[in-house]
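Take the given structure of chain A and dock chain B to it, following the hints.
Each chain is listed here by its residues.
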Amino acid sequence: GDSVTQMEGPVTLSEKAFLTINCTYTATGYPSLFWYVQYPGEGLQLLLKATKADDKGSNKGFEATYRKETTSFHLEKGSVQVSDSAVYFCALSFSSRLTFGEGTQLTVNP
Amino acid sequence: NAGVTQTPKFRVLKTGQSMTLLCAQDMNHEYMYWYRQDPGMGLRLIHYSVGEGTTAKGEVPDGYNVSRLKKQNFLLGLESAAPSQTSVYFCASRRYIIRGTKEDGYTFGSGTRLTVV
Chain A
26 GDSVTQMEGP
36 VTLSEKAFLT
46 INCTYTATGY
56 PSLFWYVQYP
66 GEGLQLLLKA
76 TKADDKGSNK
86 GFEATYRKET
96 TSFHLEKGSV
106 QVSDSAVYFC
116 ALSFSSRLTF
126 GEGTQLTVNP
Chain B
2 NAGVTQTPKF
12 RVLKTGQSMT
22 LLCAQDMNHE
32 YMYWYRQDPG
42 MGLRLIHYSV
52 GEGTTAKGEV
62 PDGYNVSRLK
72 KQNFLLGLES
82 AAPSQTSVYF
92 CASRRYIIRG
102 TKEDGYTFGS
112 GTRLTVV
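As you go down the protein sequences, you meet chains A and B in turn. Taking my numbering as reference, the numbering of the first sequence is continuous, increasing by one, and the terminal residue is 135. Taking my numbering as reference, the numbering of the second sequence is continuous, increasing by one, and the terminal residue is 118.
Because the hints were derived from the structure by calculation, they are not lab data. Some clues are possibly wrong.
[As the list claims (entries may be wrong)] Computed cross-link-like contacts, DSS-like style, restricted to lysine-lysine with a CA-CA straight-line distance of at most 30 Å: (1) A:77 x A:93; (2) B:103 x A:77; (3) B:58 x A:77; (4) A:85 x B:10; (5) A:81 x A:93; (6) A:93 x B:103; (7) A:85 x B:71; (8) A:81 x A:41; (9) B:71 x B:10; (10) B:58 x B:71; (11) B:72 x B:103; (12) B:71 x B:103; (13) B:58 x A:93; (14) B:58 x B:10; (15) B:103 x A:81.
[Stated by the list, open to error] Derived, one-sided and incomplete: chain A residues facing chain B with beta-carbon distance under 7 Å: (16) 57; (17) 68; (18) 121; (19) 128.
C-beta atoms are modelled at their ideal positions from N, C-alpha and C, and glycine is treated no differently.
For reference, chain A alone in the conformation it holds in the complex (with noise of 0.2 Å):
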């Protein structure tokens, strides 16, 4: 079946730095690609997305390119601020079902 593979975490960084988290998928077809961000006892977030290879996402300057020969998602910021520490998830939808990575827990200090 569909999965998504995520970097283990935690990350943590200094205010900043660049960050990559790196995602990887298994899929069957040609699914959309998504980075959700759940943000401290709340839902979560659309970061941003890409539906078709070679597209890239962006949003918040974050970025992510899908990859279909590496089947990769790779989420970067090229400087990472104190309020971007979250949890961060890949996602993949294909067939009306959206699978989710196991998510990574980013810090940034001051």
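Leaving out everything else, chain B in the frame of chain A:
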């Protein structure tokens, strides 16, 4: 625009008790979902619905039942709660995607924290 609303937000149950979680969306979405979130396991799909009157099993359906009598509501029931069902439950919805149009993404509620003692 309320989006997806879940009630209640918190609940403590005793083992063997029953309860129903309510999810309501005001976006006229066709698809609705129930997930549970447990530490280190991400979100796992319990049940979902692709339209009024339809339901289907997800990844972890045992111990739960659902109903979608109205398009805007999706109910999750626990008939006999067990400590293993202690979790945070999220509801989500999504519109029907016409072939050739772009995926919008799924909209999530703020969650229900359930503790079974």
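Which of the listed hints are not met by the structure? Hint 7 alone not satisfied by this model.
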